[in-house]
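Protein chains in written order, with the numbering used here: chain A, 1 to 114; chain B, 1 to 112.
These aren't lab readings, by the way, just hints derived from the structure by calculation.
One or more of the hints may lead you astray.
Using 30 Å as the maximum straight-line C-alpha spacing, the simulated DSSO-like pairs for lysine-lysine come out as follows [stated by the list, open to error]:
| # | chain 1 | residue 1 | chain 2 | residue 2 |
| --- | --- | --- | --- | --- |
| 1 | B | Lys57 | B | Lys18 |
| 2 | B | Lys65 | A | Lys37 |
| 3 | B | Lys18 | B | Lys71 |
| 4 | B | Lys57 | A | Lys22 |
| 5 | A | Lys22 | B | Lys17 |
| 6 | A | Lys42 | B | Lys65 |
| 7 | A | Lys42 | B | Lys17 |
| 8 | A | Lys42 | B | Lys18 |
| 9 | B | Lys57 | A | Lys68 |
| 10 | A | Lys37 | A | Lys58 |
| 11 | B | Lys57 | A | Lys37 |
Some chain A residues close to chain B (C-beta under 7 Å, calculated; not the full set) [said to hold, decoys possible]:
| # | residue |
| --- | --- |
| 12 | Ala19 |
| 13 | Ala29 |
| 14 | Tyr32 |
| 15 | Arg43 |
| 16 | Pro44 |
| 17 | Ile47 |
| 18 | Phe89 |
| 19 | Ile95 |
| 20 | Gln100 |
| 21 | Phe102 |
| 22 | Phe104 |
| 23 | Pro106 |
The beta carbon of each residue, even a glycine, is placed where N, CA and C say it ideally should be.
The lines below spell out each chain.
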Amino acid sequence: GENVEQHPSTLSVQEGDSAVIKCTYSDSASNYFPWYKQELGKRPQLIIDIRSNVGEKKDQRIAVTLNKTAKHFSLHITETQPEDSAVYFCAASIIGNYGQNFVFGPGTRLSVLP
Amino acid sequence: EAQVTQNPRYLITVTGKKLTVTCSQNMNHEYMSWYRQDPGLGLRQIYYSMNVEVTDKGDVPEGYKVSRKEKRNFPLILESPSPNQTSLYFCASSFLPSGEQYFGPGTRLTVT
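Same shape as in the complex, but just chain A:
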C-alpha cells in the first residue's frame, strides 16, 4: 500500500522567513496530493492541493511543487506569520472510480517566532 513520509517533524522559523516541508510517497499511481493545516485543538483544513498532471501551484504565500519522477512533493510558505504556526499534514491519494483512499504523512509542527 501507499506510504507517505514527511520531513521535518518540527520546524521553527523567524517571522518573515520561508518554510519548506517535504513529503515522499511510494505508490506511483497516486494522483492527488492535498496539504492540510491543523491548529491546536481544531480540525484539519485544506490549504492547497495539487494533481499529478500539474508540477506547481501557488495561492498567495503558499505554493506546492510535485516531482512525479522522484515521487515527492513540497509545501512552501513565504513571508511566514505567527498565524502560520500549526501542524501541517501532506497526503497522497489515488482518486478513481472507487472513491478516495487517503494516506497522510505524520505531520510537521511549524512554529513561527515573532
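Since the structure of chain A is already known, use the hints to place chain B on it.
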C-alpha cells in the same frame, strides 16, 4: 451553515462495550471518510464511502464498522472497543473525490 457534525465530542467507555459515533453532513456530499489521529502517526483512514450503501476499507479498518444508509449520515461503530482504539476520531466529507475534505470537530474516545 454548511457543516459536518459528530457526536459525542468526548466519550469515555470500558473495554467491550459497543458504541457508535455519529457523523452527519448537510452539504449533500457523496464522499465521506472516517479517520483516527494519534500522536506522531498523523491521520489514518479507517473507512470511506463513495455513496449510499457503498463503502470500502481504509488503512486501519480492523475493529471498526461503518454503514451508509443515508447520504448525509456515516456512523462509525465499535462493536467491542479495546484500549488501543483510544484516539481522536474525525469524520470528513467532500463533494468530489479529489475535492476539499470538510472535517468534523472530532470525537475524543478513551477506552479503559
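Tested hints:
no. : hint                : result
1   : B:Lys57 <-> B:Lys18 : 20 Å, holds
2   : B:Lys65 <-> A:Lys37 : 28 Å, holds
3   : B:Lys18 <-> B:Lys71 : 24 Å, holds
4   : B:Lys57 <-> A:Lys22 : 27 Å, holds
5   : A:Lys22 <-> B:Lys17 : 41 Å, violated
6   : A:Lys42 <-> B:Lys65 : 25 Å, holds
7   : A:Lys42 <-> B:Lys17 : 28 Å, holds
8   : A:Lys42 <-> B:Lys18 : 27 Å, holds
9   : B:Lys57 <-> A:Lys68 : 26 Å, holds
10  : A:Lys37 <-> A:Lys58 : 16 Å, holds
11  : B:Lys57 <-> A:Lys37 : 25 Å, holds
12  : Ala19               : 18 Å, violated
13  : Ala29               : 14 Å, violated
14  : Tyr32               : 5 Å, holds
15  : Arg43               : 4 Å, holds
16  : Pro44               : 5 Å, holds
17  : Ile47               : 10 Å, violated
18  : Phe89               : 6 Å, holds
19  : Ile95               : 5 Å, holds
20  : Gln100              : 4 Å, holds
21  : Phe102              : 5 Å, holds
22  : Phe104              : 4 Å, holds
23  : Pro106              : 4 Å, holds
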